[in-house]
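Undergrad: From these two lone chains plus the hints, build me the complex, please.
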Amino acid sequence: MNAPLRRAGVVILVLFGLLFANLNWVQAYKADDYRTNEYNRRVVVAQYERPRGVIEAGGIGLATNKVTDDTLKYLRVYPRKEAYAPVLGYRPVGLAATGIENSENDFLSGESDKLFADRVKDMFTGNNTGGGNVVLTINPTAQETAYKQLLNNQRDVEKGAAVAIDPRTGAVQAMVSIPSYDPNPLVSHDEKAAAAAYNKLNKDEDQPLLNRATAETLPPGSTFKVIVSAAALQNGYTQQTEIKAGSTYEESGAVIHNAEDEVCPGSQVTLKEALTESCNTGFARLGVTLGREKVMETAKAFGFEDDSLTVGNLEGSGLPVAASHTGDIKNPDGSTDKGALAQSSIGQRDVRMTTLEGALMAATVANGGKQMRPYLVQKLLSPDRRTIYNADPKTLRTPINESVASDLKEMMVSVVENGTGKKARISGFEVGGKTGTAQNAEGADPHGWFIGFAYNEKGEAVSAVCVMLENVPGGHASAEAARIAGLIMKAAAGRGGD
Amino acid sequence: MKTQRNAELGLLAFAMVLVAAYGAIVEANQFDRVTSTFWVPAALLSVLFLGLHVVVRYTAPYADPVLIPAVALINGLGVGFLRRLDLARAIANKEPEPGFFAGTGGRQLAWTLGALILAAVLLLVIRDHKVVSRYAYTLGLVGIVLVMIPAVLPSSLSEINGAKLWIRVGSFSIQPGEFAKLALVSFFAYYLVRKREVLSLASRRVLGIDFPRGRDLGPVVTVWLLSLLVLVFEKDLGTALLYFGLFVVTLYVATERASWLIIGLLLFFGGVYIAYLLGASIGGPFANFYDRAEVWLEPFATENYDRVGGSYQLVQGLLALGTGGLFGSGPGAGSPGFVPEVRTDFIFAGMGEEIGLFGLSALLVVYLLIVERGLRAGLAVRDSFGKLVAGGLAFTLGLQVFVILGGITGLIPLTGQTTPFLSAGGSSLMANWLLIAMLLRISNAARGPAASGGGVDRPGGPKKAPTQLHGAMTEVIKP
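Taken in sequence, the protein lines are chains A and B. Just so you know, the first sequence maps onto residues 1 to 498 in the numbering used here. Just so you know, the second sequence maps onto residues 499 to 977 in the numbering used here.
Just chain B, with the same shape it has in the complex (with noise of 0.2 angstroms):
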């Protein structure tokens, strides 16, 4: 079996080339020249990854070799982005060129730092992800905890651009449904192993689809109305989407049934469409939730420009993208200054404005390459919780950068969710690289020697194989 190492080695010497690259051709744009410490933020980088990459090869030799590399390419553009907003406002200031540990690049440059070490811890704690399942209730009450904090706390120390969706302390922040979605992947991996006969088997048929048992409902019921009371009370659809959209997907994958995912999307688009009319007519809590809903609509109208709150940023970032056109302004040579909220929620766009329609759907591939790695690893892993886990972090990363890049284009209505891996910030940067290291951990296992069990070589059909792995799964995660 080969561990792909070197694979993963090159790759990663690859990726940091092109921050290299990019570092070099920002500094080209806005100083006309290129400094001789241009490859510094890049090396800098190479080194904290080399470090992640060596725990790996200790740890989990046959984990997934494109992984690291393709978030680490991300990560070190976002770096290497915020740092040319730093050098732009350092040339409008007419003050010196920033140090590499300064400013809002070099704050970016140390959270990687503090996720790679997360990642690592994680990955040397954690040497066979089913013992993740021995916790998973309390896992599943610290999720639903830090999802609530911000609801519950008041708007002075939760609210930011009229999401609440933070803990505030002085000049520091967290986001706390960043961990939360690692939390509840878990506790949902976990019940729905345990539930997934009696979810998948007792059905009636009604039009040809299986639809489960009333009383089955209960634990989707109330996920749709945690997720809804989010939607409501942190007044941020995104976030929302995020749960639900994780919940029903672990669902749907833990009992093979269609009719989840129909009785989801219903249950979801309804109470948004309901929310919607509540927010038309009697307002309050939900009145936010509609002016975003019309702002989404016509956001080139000018009483939704105008307006407090309006569709400024989001006029201003489809702006700064159409601006970009096809190839883009080259890094370093546009004007993010003008795109609102740039280092987090519009980081895109104002990459965007630089990089073209080509880069950016460059960078999408990426973004899907590390969402399919992630689902390749749930689809050969052996056990269910493992399939569960790795799949469902997978899907919500994908639905994640969908939710955020589908904001800023106006695909959908505009929400305050961090781009994984780009935006500035410790909360996200971190809970992603815990992400990826507990993807890292499940292809360990999925590519690996089998410790236990059937091996991965069967020379027979490949038809047999489940029905045997099937009945062994549930036994694997009995605490």
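Looking at chain A on its own, in the form it has when it is part of the complex (with noise of 0.2 angstroms):
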């Protein structure tokens, strides 16, 4: 019997070898899978060790941290709970973060390389110093102006978004979406409740987390004009270069009118004047002779079609900006749809603009034709303040040249001086831009748009800016916006809302 005892001794043998094969695999091969593993609440519980960096802006605290006596140390507060929630996002318990919470999540948590040596000073000093705060380009001042005239817009307007930048750097200095909502209840340390306040915001019909500025394209109406002119411009012809216009104009079933009887209803009109007055059928016309390729060529050249960018720092990571797109004004044997084209050039059809894409024309228009890259992280500092990362503005392209970027601005100037952007006017300064009503569902309101820029006395572009507002009840969608660029402009540019 003492053959098979020694047998059963090996079978356990075997078996408590299994076992330590197995343990080798759990806690030596997988082990760094598990300890970061998404369902282990240490992970959470150790993010939460030590206090998370500050987001502020212009000295203002716009994250911060208040110490709690439970399990998780420190908890996360928006003093400025919506006005800045677009662009902060949040960052709850266990879960992943959005906005500049969630792309400058490894510095703000400490953990980026950038922190190292913090890192290694706190082993020896054993001190748990806090992660590294991130300073915004954003303008306190601009911020909450564009976000209270938005909130409390004289046409009861509940939905739009609005973005304003330094056309000179691409800083952004206000980026504001309505609906909006309190990031704090999001990020409360009792998971249940903060679960509860999320389903109940993702419901809402209104899409309060949605960032408008960023997320959400819409047909730009008139502002496409812009894009339609430059194309123009660039193909010789002038400002005073007549265009043939007309009270309508048909293009292959499509009709085209004009917004009033009063608008360019003559056969002729110089460019500089269709614009001024927003002509329709004087665009349509223009955008069929120039063709398809010139006008989506030119829409490209200024950051139509470009899903790749993002808005943060200039490294890389920052908050996704979905792609503006014309269409592609196409019959389905591929020639050239003119009908759709027609539509197209003012800006209807299948043209879907991002607020931010209508401020980066205007920036770009301001800055004599270069199209800075938006940033919204300027600085990156340590816990003990020492500057990290500074932002370096970069060119991000060039879609027109200085002389046709003048001519631009000439013709935008004469759009708030003399045409239907008059509301946009401030004191002070050169003002610029383009409105837009743009068409959408049967039935719905037209959204307004304004995008605009303004020089100060110097001469020195100090804020580019677009204004989005959706299904504007009671006509003239576009002259609200027009009226709270001009405000957020004045704020960007250091004279203060009202």
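Everything hinted at is true.
Distance windows between CB atoms, simulated:
# : chain 1 : residue 1 : chain 2 : residue 2 : range
1 : B       : Ala-799   : A       : Val-43    : 17 to 23 angstroms
2 : A       : Asp-33    : B       : Ile-624   : 46 to 52 angstroms
3 : A       : Val-43    : B       : Val-619   : 49 to 55 angstroms
4 : B       : Ala-608   : A       : Val-77    : 47 to 53 angstroms
5 : A       : Gly-17    : B       : Ser-779   : 34 to 40 angstroms
6 : B       : Val-806   : A       : Arg-35    : 25 to 31 angstroms
Think of the hints as simulated: they come from the structure by calculation, not from any bench. Cβ coordinates follow ideal geometry from the N, Cα and C atoms, glycine included.
TA: Right under this line is the structure:
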């Protein structure tokens, strides 16, 4: 009986060998996976062991920490609540963050390689210094003016967005979206309450969690005429070139009207006048004359079709920006759909644009044709506030040369001085821009747009802006957008809001 | 003949020093300092084990000197870990440090006292392990009844966490299956010693392997059905595997026929696979088993993780083990609070986070040492009954360690077994200390001077001895 007993011993040995091998698998091979697994609560607790870096702008703390006495030691607090939510995002317990909280997470949490030296120092001093701080380019006055003006707009519009950019650098001065949300309940340490708050926001039909400035594309209406004008100027047209207009224009079954009977009823109008009055028939004809390729290429040169842009730091990470599109303006057989081209040339049909792209277009014109890459992160500071990163502005693309930019600028200034954009005028600044009223769904109120820029007395382009209001009731949809745009630019230029 | 009792005492002292050191490190990590009373739990345990040591000195002087210290080490670390959980809870609730007899750790200390008294009583009452064979049929009946009670009882009185393994009366609960394995091993050993001739000799040769006659399959099939009933009605694969493995191994050792192993394994895994398929198709009593298999195959799948009774426990155990890594966070420095059932089924995962792969491997080696020492007692003892009992008990202990540790490390489907000597709970501790007492008794007979018959010192070749003993063995256990 001893031989089988020995063999039973061998069986036990083999079984224990299997246990040992499997323990190696779990504790050595898979250890790193398991240590950082999303189900591992230790990860969450460890993240709250040291204070997360502060996000600030203009000396104001926008995302800060409060010491708690529960197992998670620090509670994230957003003192300014709704106004900054689309930019900052929020960082919930145990789930992925959004906004800058997400894109700068490594730095804020202190895990970034850039803070390696600080972590090593912690090891020796035994301190648990916090994560790094992020300084945003946001101008709090402009941001809060933009949020207040959008929220309390004079047309009772419930949804909209605004972006203001420094045309010379690409630094984002303001980025707001309404309706917004209070991020504080979402980061509650009571995860059930946080999930309930999230579900409520997520089910809201008005999509308060959506950053309309970067993530939503809508038909841009007449603001797209800036692109068509640029295409014309690049192809031998001047401001004074006469283009065909008229009260109606029919092309391949598509009928184009002007917004009012008084707009360009004559058969000819100069390019400058056409833009000033926002002549639909003139631009529809102009687009068809220039052809599909030139219109689409110019749009692309201004940043349409770019689905890889992010707004955050200039090294790459940031808020994703949805691509703006022109649509392919083709018949099923591949030839140009001229009716579609006519409609697309006035920013209708399948043309879709983000609010950010609108601001970039205006900024490009104001900056002499150079489009600076937009960014939100001005500086990264170590826990002891040494500067670790300072944004160095970059040219993203140069869609037009200086002379075309100068012509476009003059034409857009004329829009605000003499044309449809008068509401955007601000005293002490030279303001230019373009309005847009975009038809969308059947029976729905049109969207109101304004893209524009402001120069100070010294002739410096201080701000470029885009305001978008969804479904504006009561006609003249773009007028309210122009009025708000003027106030935002004034605030961004340092003259204060009202 | 050396008794080696002093070696046992020395090893025991060493084990207790380790337990005391464990307590000190726990306090250092929990309080950031070591209190002046860190040694008290280890000292109390030392007194208890010393008591058993004295009993062994008088009742089983030639017993294996490694068994008690090895088991005492695991038992002591278990008490230490449970006390560590009590300390952490007290700190979290801002309560004063719990007393030495308070909390789960204190209760485990009390259970240890009870278990050691039982072990001492067994050693005092049963002076010769062969006496047990007289009560074999009674023990067999008791074993089967113990196994079946939880299956027959309504769920409200027998089910904890989906496994019907308990008898619950109010807040008190015992696991009869823990004791059943002792009774069943004794019965199997007796039955097989009586039947081994017919089981091993009457056979047909197929493909070079000797297969038994159909009629001799009766008892095997009976036990197979019994364990499948356990599987289905007590919803527990681990227990079924334990009983069946126990029987097949004793059968194999008794008959020396590999065919029994092959038949046994085929029957068991065939049964398990059919239960799995039935669980997938018709559900009913098999559904729980199917669920557990799914959880085992895909623990990290969201649908398994989020489901009630899904893979949450398994995943949290794995994450604790993985977080511990090679060296662990150190005793008292981990987060066992995130591991569900960390006092009972998942104690190994909770400890694993803190002592790491190296600590757990050492623990595995200690378990292996206990099992191999038990098997060695079986090898050395001269009567067949003793061989089968020692072999069966030691193998069962090893198999139980494999089933639960394999379960929580994801090697095999998870089942609700206790980790011997480590988990909180009186049933498991008492039953396993009784098992150790039996092994001590048998090893005493194996290593001590023979009371009758052939001496231990056989200068002649070892080849001769078995044939001689072979005949004597069945004689010995005649009632």
